[in-house]
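*Asks:* With the hints as constraints, model all of the structure from the sequences given.
Protein chains in written order, with my numbering: chain A, 1 to 166; chain B, 1 to 166; chain C, 1 to 494; chain D, 1 to 494.
Bear in mind the hints are in silico, worked out from the structure with no lab data behind them.
It cannot be assumed that every hint is accurate.
[Said to hold, decoys possible] Some chain C residues close to chain D (C-beta under 10 Å, calculated; not the full set):
id : residue
1  : VAL15
2  : ARG62
3  : VAL309
4  : VAL329
[Stated by the list, open to error] Just a sample of chain C residues kept apart from chain A, beta carbon distances all over 12 Å, derived:
id : residue
5  : ALA89
6  : PRO106
7  : ARG261
8  : ARG320
9  : ALA324
10 : VAL412
11 : VAL432
12 : ALA463
All residues carry an ideal CB built from backbone N, CA and C; glycine is no exception.
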Amino acid sequence: MRYEVRVGARTVHVEASPDGRLLVEGRVVAHEVREIVPARHWSVIVEGSSHEIALLGGDPPRMRVDDTEVVVTAVDERTLAARGDRASVGGARHEVRAPMPGLLKAVHVAEGDVVERNAALATLEAMKMENELRAPARGKVQRIAARAGAKVESGALIAVLVDEPA
Amino acid sequence: MRYEVRVGARTVHVEASPDGRLLVEGRVVAHEVREIVPARHWSVIVEGSSHEIALLGGDPPRMRVDDTEVVVTAVDERTLAARGDRASVGGARHEVRAPMPGLLKAVHVAEGDVVERNAALATLEAMKMENELRAPARGKVQRIAARAGAKVESGALIAVLVDEPA
Amino acid sequence: MLHKVLVANRGEIAVRVIRACREMGIRTVAVYSDVDRTAMHVRMADEAFLIGTAAPSASYLRIERLVETAKRTGCEAVHPGYGFLSENADFAQAVADTGLVFVGPPASVQRSLGSKTEARRIAASVGVPVAQGTMDPVTDVAAAREVCDRVGYPILLKPAGGGGGKGMRIVRAAEDLADAWRGATGEAQTAFGAPALLIERYIEHGRHVEMQILADEAGEVRWLGERDCSVQRRHQKLIEETPGPSVDDDLRARLADAALRIARAARYVNAGTCEFLVAPDGTFVFLEVNTRLQVEHPVTELATGLDLVALQLRVAAGERLPFAQDEVVRHGAAIECRVTAEDARAGFLPAGGRVDLLRLPSGPGIRVDSALELGTWVPDEYDPLIAKVVAHGRDRAEALARMRRALRETLVGGLPTSLPFHAHVLAEADFVAGRYDTGYVGEHWPPPEPELDDRQTIAAAIAAVLAARATHAHPAADPARSPWAAAARAEALE
Amino acid sequence: MLHKVLVANRGEIAVRVIRACREMGIRTVAVYSDVDRTAMHVRMADEAFLIGTAAPSASYLRIERLVETAKRTGCEAVHPGYGFLSENADFAQAVADTGLVFVGPPASVQRSLGSKTEARRIAASVGVPVAQGTMDPVTDVAAAREVCDRVGYPILLKPAGGGGGKGMRIVRAAEDLADAWRGATGEAQTAFGAPALLIERYIEHGRHVEMQILADEAGEVRWLGERDCSVQRRHQKLIEETPGPSVDDDLRARLADAALRIARAARYVNAGTCEFLVAPDGTFVFLEVNTRLQVEHPVTELATGLDLVALQLRVAAGERLPFAQDEVVRHGAAIECRVTAEDARAGFLPAGGRVDLLRLPSGPGIRVDSALELGTWVPDEYDPLIAKVVAHGRDRAEALARMRRALRETLVGGLPTSLPFHAHVLAEADFVAGRYDTGYVGEHWPPPEPELDDRQTIAAAIAAVLAARATHAHPAADPARSPWAAAARAEALE
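*Replies:* Shown next as structure tokens:
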């Protein structure tokens, strides 16, 4: 199975052969992987260089690579094909969800708007503070999923962005 | 189901009713149990008194109760009945096992001997040191399961003691 | 000497107080809300009692229930920690009225210093400079405009009824006043039940420097050194250190003198902190007194070798301070990072959850105060602080190096944290040089996305593929434990 | 300044060295045997290389392989930690011959001080008292008997070829000599490949007190304070503390003077420790020099604020010592408990296994040096030390109180540990009073079985029943994870 893996801003192609070997960008890379916590925490030695990788969680999933946190997604080619162009490289989608229960005081954007990274999308009042929900990346607002004045649960979808070339 | 529980030197009878309530020595004790790690680590509040219990492992099993380590065994009445007198209260058995692989240099006791707690039963050479295997309690040597000169694996049974009233 | 103390708090500060009590041979009674039944402070205390449901007003803020529990369990004293009821004069009074000892300044002191206007009056009366502005709360925007025009912009609006940074607004021009007023007064109403605001001249490029004090009932007061807490976001402290990188012996002496004057004038007892705003030219104004133990107290403990909680308990028991001012010696440098359950890259949005990966740092010069264990549930209802990582070194460079090392060792999975922020700042050139003020976070965060080297990228890609395959291979595994599965589900719903 | 160092060790000491390197900006290369692939030191280092199989002789003792790895990876230096090759002069020589820096005294020093007879000669030559007995190794029991009769009983037999307490025997009467000789010479042969023994007059009620020194290549030597390590079992240290409870300023000065004389006479470089046996009357004899970093070095670090590993690296890089003797100031008291994977109640039998429950302590005054994580496999092949819990306080009472509190917080499941021993000693009256000598453990351990109060008993019984029911309810669960299941299985086999 081939995977397209996005590690922060980079994209890497990994092929897992049935015998368990992994090819990275088509070549054999000397590596040694051990699982510390099943499917969450690994020790990976690449050409003698020792790295500790932890899958922290979140959506999209965050990984800790040594001392750096990055967003990492791995999608197999079948899923990629099924998605079509929409979610191919360069068209990634970003969901903005309520991180905690609260009152959605205001929505500052409309569907179709193109917003910059960190632009305020909506204001959520929670824990007696007003919190701005911000754009995780530059993108076009594909969908607004909640209206101002609504009480929202933790994890409720507020908006969906798709990458928009600058 | 009724259980006979030995906690260190004391014996407590606990009855678990089908609805999940526990009776201790026949009476309802105000308690609140929560599992911190499944079947290993609990928070138990007894009449307002907060206790932390951890099952550490070992054979017989050791538990940590707040800051104290004790040997704890829980046997249900069916098993007790099946065992007959042999393992009833006062006749507990103690297995002495090799804690690590090594060479059994000497066995210092014979079956039928009555030994005091901490008496040297055998000498195991391991990690370049001679280690004395000692009696975990006063008791009669019911069985010697290995002979001097044998290479033994970690966990191998060396001797079995049964409690012997002083 | 006290024999039994009720700890009216939760989380790391309850654990901190219980640790001190245990070391001193004092028995402890913990209290908990229903969502905190398995919390560490409940397990570490000698006794523990349920006091209500998750919402603070239904548990940790229930004065009567707390006092009744303390009385019934035979406690002699109550330690409030920080937050919750720690600066509530009514609570201090209720504790005292029941014949128990409140571990902190008495209600009268809490009342006078808790009122910002009264605190400013006390400071001004002993010659400590205060910011230009109103001494009395303002309730309407027209009156506010008059004051602002007189004092001059930039100005700072802050709630008269409470602290902690909630409801504060900086206004740089007259045309922004109306909007800012509306926001601040609204938040003040929500947070403190009182819409009135104070107006102060705002000092640009100011540094938030505070002085730790400790006083006994006999009126003796000691100062224990300053902490620079300028690395703040929305007036919430994120990093604190001592000595302050910009504080020289002269400034330190002036801050200590000001703190001692205020403490004596207020007849202060127990531990407290005088907060100041220091301008680039070294002049300063008094901000407020925190009449309690502070989150960042470990920084001072590492530098002085003193145990502030133990000293609080001794002073509360009526003991005299066991050392003279010249016996307080500060060694090296100490720094604290407040690790919070907040998504640093998403505007520090708080987010509770279950900690399902955890490694806390240790080793030379590192102290961690936390109530975290693997599996700990971090509720949404309370302060998002989950761990304080504190580093001590012979000098600032060593303390920073140790902190960087410790942050690298720290691993928290299952919820977003502030760790990326702390890791970034500890390596950022201005911070490392000690060049920062209260505007620092706005200028330096968020930074560009971090970059990985080739081998790190390959290692991460390999792990990601293994995780994806594991999710695929074991669809029956608990999906709540796999973020990949969650992502896949969300995908499927579209 | 060094840029890259190979750490020729494993476990907590490899982690300790890597931490220091990271703080100093030095890159690290870890080495590992096959059973250590997932060990913490492998993950913390920048690079990691497999050097062989589990047996030390097949991995961590492979001089050629280690030197070759250091050379190939571009390291400038090798840190040996303690144990393994740390006192092996051939290793120091091989490292130097390859053009690399050995972080420790040079081979020539290791050779002279590594020989017990040569070390005694050096000490005697500079007027430091040594125990009465043989200067040269003895190989047969007849010769031994002659020496013993001359010196007088009790006497101590110890291997001439190595240290660490292995193969040592105390003989109190002539009729016990033959048996003791056989045992000691056999263990000496097994452990060091050399049966020869040294004979010394044994000092009853002696205290093991050692002096930490640090020397640079320019010949400057500093002493950093003593450690009392008398709490030993079979000459293996279990608890160490500073200041020594029986050490007054006069004795400290005499021990420091003796250590400096020996260090200068031996042309000592880098960190080292001179061990002495102090008699009840305050006289002492020199025992040996440990030509390396010691397990218990954190005790001295907490008291002095110095980072001994960082200083080792700086001295190894050719730097001068960065402080004068009078700048070394010791604050308060520090104590270390060596937590080992040994069953304290079963004669300290070592036992490897998987750590399946873990909580390490933290908070005020507590430092933990370890390589433990939940799930860590503790192999049988190496030293059973798994964690060092170290406490610091303003005085001995505070350090002890903190240690007691920290031990209560420490939870290790899955293998037996020495924790019950440490908890007992820290609360035992003679130890708390500072009244102990090298006979302490024999006199105080094992104690009577501990007793629980009624509520603790009920709580434990309830948990035990729940555990038994869980085992019964889920027979398909991994039996290796349930000690109850294991007990049930063993029962069935009878």
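*Asks:* Was the hint right that ARG62/C lines chain D, CB cutoff 10 Å?
*Replies:* Where the cut-off is 10 Å and the nearest Cβ of chain D is about 26 Å from ARG62/C, the hint is violated.
*Asks:* Non-interface claim for PRO106/C: all C-beta distances to chain A beyond 12 Å?
*Replies:* holds, 28 Å
*Asks:* Taking the shortest Cβ-to-Cβ distance between ALA463/C and chain A, state whether it exceeds 12 Å.
*Replies:* violated, 4 Å
*Asks:* Verify this label for me: ALA324/C is non-interface relative to chain A, using a Cβ-Cβ cutoff of 12 Å.
*Replies:* holds, 43 Å
*Asks:* So, as I understand it, the hint says VAL15/C touches chain D; can you test that by seeing if any CB pair is closer than 10 Å?
*Replies:* holds, 7 Å
*Asks:* Interface hint check: VAL329/C, Cβ to nearest Cβ on chain D, cutoff 10 Å. Holds or violated?
*Replies:* holds, 9 Å
*Asks:* For VAL412/C, is the shortest CB-to-CB distance to chain A above 12 Å, so the non-interface label stands?
*Replies:* The claim breaks: VAL412/C does not keep its Cβ more than 12 Å from every Cβ of chain A (closest is about 7 Å).
*Asks:* Closer than 10 Å between Cβ atoms is the bar; does VAL309/C clear it against chain D? Give me holds or violated.
*Replies:* Holds, because the Cβ-Cβ distance from VAL309/C to chain D comes to roughly 8 Å (cut-off 10 Å).
*Asks:* Can we trust that ARG261/C is non-interface, i.e. its beta-carbon lies farther than 12 Å from all of chain A?
*Replies:* holds, 34 Å
*Asks:* Confirm or reject the statement that ALA89/C sits farther than 12 Å, beta carbon to beta carbon, from all of chain A.
*Replies:* holds, 21 Å
*Asks:* Far enough from chain A: is every CB of that chain over 12 Å from the CB of ARG320/C?
*Replies:* holds, 40 Å
*Asks:* Looking at VAL432/C again, its CB stays over 12 Å from all of chain A?
*Replies:* The claim stands: VAL432/C keeps its Cβ more than 12 Å from every Cβ of chain A (closest is about 16 Å).
Consistency note: the structure conflicts with the earlier hints numbered 2, 10, 12.
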